[in-house]
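K.L.:
Sequence:
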Amino acid sequence: MIKPEDILSLEYLKKTEYTGSHQGMRYRLEKKEDDGEKKLYVSVWPEPFNFFKTPEEQKQHAVFEFSGDGITDAIAWMNDRLFEYRK
Numbered sequence: 000m001i002k003p004e005d006i007l008s009l010e011y012l013k014k015t016e017y018t019g020s021h022q023g024m025r026y027r028l029e030k031k032e033d034d035g036e037k038k039l040y041v042s043v044w045p046e047p048f049n050f051f052k053t054p055e056e057q058k059q060h061a062v063f064e065f066s067g068d069g070i071t072d073a074i075a076w077m078n079d080r081l082f083e084y085r086k
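The sequence shown begins at 0 in numbering that gives the first Met the number 0 and counts up by one.
To be clear, the hints were calculated from the coordinates, so they are not data collected in a lab. Some hints here could point you the wrong way.
[Stated by the list, open to error] Think about it this way: if two alpha-carbon atoms lie no more than 30 Å apart in a straight line, the pair counts; the simulated DSSO-like pairs of lysine-lysine are: (1) 14 to 2; (2) 14 to 30; (3) 30 to 13; (4) 37 to 14; (5) 38 to 2; (6) 2 to 37; (7) 52 to 31; (8) 58 to 13; (9) 14 to 31; (10) 13 to 31; (11) 52 to 2; (12) 31 to 2; (13) 13 to 2; (14) 14 to 38; (15) 14 to 58; (16) 58 to 37; (17) 37 to 52; (18) 30 to 52; (19) 58 to 31; (20) 58 to 2; (21) 58 to 38; (22) 2 to 30; (23) 13 to 37; (24) 38 to 52; (25) 52 to 13; (26) 13 to 38; (27) 14 to 52; (28) 58 to 30.
[Claimed, not checked] Now the in silico label distances, taken between C-beta atoms and shown as ranges: (29) 47 to 68: 12 to 20 Å; (30) 76 to 8: 25 to 33 Å; (31) 56 to 35: 25 to 33 Å.
Note that CB positions come from ideal geometry on N, CA and C, so glycine has one too.
Take the sequences, apply the hints, and build the full model.
P.N.:
Written out as structure tokens, the structure reads:
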């Protein structure tokens, strides 16, 4: 299970994306601007390849508010997908 302490802070995400993996699932969190509003864009995909080498049809994406609550919601969403990627 991915925990909040596994994800770096909003201050980090303001500057660059964050990637990680857990039990066969890789994930990526990044800040994106949508009509001037900051959003937290989250992607998950199966191992072994990185984000850029994995075919788009193998990825799942979700968008959350760019806040502490958004990170909490993103972690819950990623944990819901873990069973699909477990080895």
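K.L.:
Are the hints correct? Go through all of them and say.
P.N.:
Each hint tested on the structure:
Note on residue 14 and residue 2: the hinted pairing holds, with a Cα-Cα distance of about 21 Å set against a maximum of 30 Å. Note on residue 14 and residue 30: the hinted pairing holds, with a Cα-Cα distance of about 8 Å set against a maximum of 30 Å. Note on residue 30 and residue 13: the hinted pairing holds, with a Cα-Cα distance of about 6 Å set against a maximum of 30 Å. With a C-alpha separation of about 12 Å, the suggested pairing of residue 37 with residue 14 holds against the 30 Å cut-off.
A threshold of 30 Å between alpha carbons decides the hint, and for residue 38 with residue 2 the separation of about 20 Å falls inside it, so the pair holds. Distance check on the hinted pair: residue 2 and residue 37 sit about 23 Å apart at the alpha-carbon level, within 30 Å; holds. The suggested pairing of residue 52 with residue 31 holds, with an alpha-carbon distance near 21 Å, which does not exceed 30 Å. This hinted pair checks out: residue 58 and residue 13 have alpha carbons roughly 23 Å apart, not beyond 30 Å.
Of the pairs offered as hints, the one joining residue 14 and residue 31 holds, with about 11 Å between alpha carbons and a cut-off of 30 Å not exceeded. Between residue 13 and residue 31, the direct Cα distance comes to roughly 9 Å. Compliance with the 30 Å bound is thereby established for this hinted pair. About 26 Å separates the Cα atoms of residue 52 and residue 2, which keeps this hinted pair within 30 Å; it holds. For the suggested pair residue 31 and residue 2, the alpha carbons sit about 23 Å apart, so the restraint of at most 30 Å is met.
Between residue 13 and residue 2 the alpha-carbon distance is near 20 Å, which keeps this suggested pair within the 30 Å criterion. A hinted pair counts as satisfied when its Cα atoms are at most 30 Å apart, and residue 14 with residue 38 qualifies at roughly 13 Å. Note on residue 14 and residue 58: the hinted pairing holds, with a Cα-Cα distance of about 23 Å set against a maximum of 30 Å. A C-alpha spacing of about 22 Å is found between residue 58 and residue 37, which places the hinted pair at or below 30 Å, so the restraint holds.
For the hint linking residue 37 to residue 52, the alpha-carbon distance of about 26 Å falls within 30 Å, and the restraint holds. At most 30 Å may separate the alpha-carbon atoms for a hinted pair to count; residue 30 and residue 52 meet this at roughly 21 Å. Restraint check: the Cα-Cα separation between residue 58 and residue 31 comes to about 18 Å, which is no more than 30 Å; the hinted pair holds. Annotation: proposed proximity of residue 58 to residue 2 holds, straight-line Cα distance about 21 Å (limit 30 Å).
Distance restraint check for residue 58 and residue 38: the Cα-Cα separation of roughly 18 Å lies within the 30 Å cut-off, and the hinted pair is therefore satisfied. For a cut-off of 30 Å, the pair hint linking residue 2 to residue 30 stands: about 20 Å separates their Cα positions. Our distance criterion of 30 Å between C-alpha atoms is met by residue 13 and residue 37, whose separation comes to about 9 Å. The hinted pair formed by residue 38 and residue 52 meets the criterion: a straight-line CA distance of about 24 Å does not exceed 30 Å.
Taking the CA atoms of residue 52 and residue 13, the gap is about 24 Å. The hint holds against a cut of 30 Å. Taking the CA atoms of residue 13 and residue 38, the gap is about 10 Å. The hint holds against a cut of 30 Å. The suggested pairing of residue 14 with residue 52 holds, with an alpha-carbon distance near 23 Å, which does not exceed 30 Å. Distance hint between residue 58 and residue 30 is fulfilled; the C-alpha atoms sit about 18 Å from each other, no more than 30 Å.
The hint said 12 to 20 Å for the Cβ distance between residue 47 and residue 68, and at roughly 32 Å that hint is violated. Checking the proposed 25 to 33 Å range against residue 76 and residue 8 shows it is violated: the Cβ atoms sit about 19 Å from each other. Distance hint for residue 56 and residue 35: a CB-CB separation of about 31 Å, consistent with the stated range 25 to 33 Å.
The structure does not agree with the numbered hints 29, 30 stated previously, though it agrees with the rest.
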